[in-house]
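Enquirer: Spelled out from the first residue to the last, the chains are:
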Amino acid sequence: MTPLLEMRDVHVTYATAAGPLPAVRGVNLSLEPGESLGVAGESGCGKSSLAATVLRLQPPNATVRGSVLVTGKDVQTVDWGQLRALRWGEAAMVFQGSLHSLNPVQRVGDQITEPIRLHDGSVSPARASERVGQLLEQVGLPAASARTYPHQLSGGQRQRVMIAMALACRPRLILADEPTTALDVMVQAQVLDVLTGLVRGLELGLLLISHDLSVLGTTCDRVLVMYGGRVVEQGAATAVFDHPQHPYTRALARAFPRVGDADARFSPAGLAGDPPDPRNLPSGCTFHPRCPRAIDVCSTHEPPVRWPEPDRPVECVRVEGAETAPGTAVAAGR
Amino acid sequence: MTPATKARRTALLSTRGLGVTFASRDGAAARAVDGVDLDVGSGEVVALVGESGSGKTTLARTLLGLERPSTGSVEFEGASLQTSTRGLRAYRRRVQLVLQDPTGALNPRQTVYESVAEGLRIHKLVEQAQRAGERVVETDLVSQALSRAGLRPPGGFFLTYPHELSGGQRQRVVIAGALALEPEVIIADEPVSSLDASIRGEILALLLRLRDDLGLTVLVVTHDLGLAWNIADRVAVMYLGRIVEVGTTEEVLLTPRHPYTRALLSVVPEVSQQEPIVLVGETPDPRRIPAGCRFHPRCPAYAGGEAEAAGVAEDCRTRDLPVLAATGDHRAACWLTMPTPKP
Amino acid sequence: MTTAPVLTARQVSWRRRRASAARTWEQFRHRPSGVVGLGILVVFAFVAVAAPLLANSSGLEVTKATGGILESPSTSYWLGTDENGRSVLTLLIWGSRVSLFVGLLATAISMGIGTLVGLASGHFRGFLGAALFRVTEWFLVIPFLPLAIVLASVLGRSLLNISLVIGITSWPGTAMLIRAQTLSIENRPYLERAKVLGSGHWRQMSRHVLPNVMPMVFANTTLTVAIAILSETTLSFLGLGDPLRVSWGTMLDAAFSTGAITTGAWWYIVPPGVCVILVVLAFTLVGQALEEIFNPRLRERS
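Residue numbers (my numbering), protein chains in the order written: chain G, 1 to 334; chain S, 335 to 677; chain X, 678 to 979.
Among the clues, some could well be false.
Simulated restraints on C-beta separations [stated by the list, open to error]:
{"hint": "1", "chain 1": "G", "residue 1": "R265", "chain 2": "S", "residue 2": "R402", "range": "55 to 63 Å"}
{"hint": "2", "chain 1": "X", "residue 1": "V720", "chain 2": "G", "residue 2": "Q106", "range": "50 to 58 Å"}
{"hint": "3", "chain 1": "G", "residue 1": "P282", "chain 2": "S", "residue 2": "R486", "range": "38 to 46 Å"}
{"hint": "4", "chain 1": "S", "residue 1": "I623", "chain 2": "G", "residue 2": "P282", "range": "49 to 57 Å"}
{"hint": "5", "chain 1": "G", "residue 1": "Q106", "chain 2": "S", "residue 2": "D360", "range": "20 to 28 Å"}
{"hint": "6", "chain 1": "S", "residue 1": "R622", "chain 2": "G", "residue 2": "G201", "range": "55 to 63 Å"}
{"hint": "7", "chain 1": "X", "residue 1": "V831", "chain 2": "S", "residue 2": "A357", "range": "23 to 31 Å"}
{"hint": "8", "chain 1": "X", "residue 1": "A808", "chain 2": "S", "residue 2": "R486", "range": "21 to 29 Å"}
{"hint": "9", "chain 1": "G", "residue 1": "D120", "chain 2": "S", "residue 2": "T652", "range": "36 to 44 Å"}
{"hint": "10", "chain 1": "S", "residue 1": "R622", "chain 2": "G", "residue 2": "E130", "range": "30 to 38 Å"}
{"hint": "11", "chain 1": "G", "residue 1": "Q106", "chain 2": "S", "residue 2": "D619", "range": "49 to 57 Å"}
Stretch-level coverage of chain X by chain S, calculated; a stretch enters the list once three of its residues show a Cβ under 8 Å from a Cβ in chain S [said to hold, decoys possible]:
{"hint": "12", "stretch": "796-803"}
{"hint": "13", "stretch": "818-829"}
{"hint": "14", "stretch": "926-935"}
By construction, these hints were calculated from the structure, which means they are not laboratory data. The beta-carbon is built from N, C-alpha and C at its ideal position, and this holds for glycine as well.
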């Protein structure tokens, strides 16, 4: 069976005035229907660049190498007609700033109708508005809210409208780039609830991007951790969050402490230094200047991939584990 | 000495019956802060926790003299906060602010040096010290503040502009600017929420270190309970302009009494934890504060019949709760936990 | 980060200023349109300053005119002569002095009033801000030309007065612009930080708001110079200029009233017109280049 989304050795490089900027440097992943995949990382780690390639939304100065397959079709090479069909019908995106992504002078319902009618010109207005009502109810809003304007809604409600819009053409894959970043914890919980409900109920694939590992830990089945444009660790979400292996993942997991964890009390954990500048990446392992466990070899050699357990590749020389993928590695491994 | 007596004896910054009301466009008054008694003891780290619309930021701004209280008062060292220009200026030397977004908090046209030296120049601290016979120069004070904030070597940062720094470094510059005045209190409004995850811990550790080394008192305003667990001695939970639960961090976060605190704790995204209690309804509106307990329309204990069973459902709907007194004990403003004097 | 040399506050600020001036020039150098504009301005400034060396001032006096009436360009009169037999080139060279002087003086007046009123009406909430805003609006809706004509005729026709008239009538646009910019900067967190550090109104305005509206002021200045020179031309053309001095505007006025257009004496009309256009264009080019440099948001895009 073809996965909903498959990436093979994807590289994204931006051409800038100051020279090439490698944002993504060789990422492999695959996503099945009914599965949710989280991508964790900090600003500049390449997670948003990666997501943009799925819908070929990367800016014109970006070069994409490798293949990005959505239901088996290579997004980067299909013609315009197919790309358009793919953009709403196969995969849709929920953006971060819901206030700026919605048109302030158009009713919410009309904005959801737009992709429906663009996608299928034969839909009658009555059918379209019926569908809008269904969609709004699917994300936990009353159907009547189709008649409101974005400013009449709260941040959480607007974010749900964005999700309803993404669902408009019955896509099988949803991409959500920091969908809850600007929201309060309670509203964040509501929005994440809606997303997980959709994945289960509609057998959708969800690619969720966030800087908050704990959000991904609760919402996703699998998690990829990115640093300096590469996936440094991946595995089952609970495993990655509860027993992080890579020193960077450990730092990320500790950054959002568990209430009640005695180790975190009065000892906030962080990493010295800043995320690397993609233009000027450190030699060897890109994480070594900040790594609390770095040894000499880290600054000179690229880190090997180790499998401390099956389906858990980690790019770190300090991690104990098999040197090759044990047994039949899931397509995601490298 | 119990925490209670300790807090009472050394309260440095406190509010009594504080209320801040804004007139909104449609004429309805928004009671952003609606009766708050809060004590922040000397050398204490207090976290003020709440959702947006809870009034936590307004409370912080009022503590800094940026908003005028409509009722009640802000007290510093037991004396009411002066509202005269001169009084406020003297006060602000001792109570400083660290804002959420360090990128916006620095003037893009000022170098790091100027940003940090600004407070010194406004308060003429160098001149004052020199008149007192001390041999100080501004450069030394700026260097000192920068290294205290973890920017070393300080001289290397003097001529840089904010846009040349990373987010974490900018936040350190903001903190250095506040430290240059050698304040006694720092009020930090979401100090790490716009920073990268790996930087967060470093900034929080810096705040803790400043408390330990300089005896600084810190009030952190945040929506993040994990942050409170990381650094706070005491936690106050705000809902719709009131403090609904207050106590030591362990008391409030490990044995929460108020249903709202419990709900907040349950939605902190953590793996393998209790079932999240996702509250229905949206962020509360300070222009329409419900009668009775202000939380009852969203309260899971009220909706779930717990209040009914305890015989306080009527109170929840109709009787206003008293303002929680700042005694330092673990208290919650909830009819379920309060001794109800029957008429 | 290099190791820290011990620096005094003055050294720090001096270094910084020098560094930022060098940086600005470096960026300006790479903008061809700005460099062209600057080149044109340098030429005109040179001509205006060196006018006595380039053309004898006696050539301005009607009684000492040597040429024929409205002679076409020749080797002795490169740009022909006017209706009194004076060399158009001499008039043009001396006229540049007056036009540039009035343009710059009027701009200084307009920018001064506009910036001050704009800043104050944006910064002060309450009565003062509202009152200043009303005054600005009031001046903005008064039609420019009638007011200028009335003022010019009341004050008398002199260079200083005409600059004053243009300055007084053109500041509200600047004030509105500065006010809008000020309001947006007032909402930035660094103003809150400045307040909490203890800054008073003056410091907030001079250290935080003004430096951040300066790019707008700068860009606007160059545009205002352009408008002021056009206004001077207009007023002079309407006969409200200083009768004792030759400017490009009075030349156009004279050319028009002697019927240079109908007689085909293009050399009398085209040169002052082209000069006005060139100077206005040059100021605009320089202004745009500076705006790109000073406005970080525009810089990122380029």
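Enquirer: Determine which of the earlier numbered hints do not hold for this structure and return their numbers in increasing order.
Expert: 1, 3, 6, 7, 8, 9, 11, 12, 13 and 14
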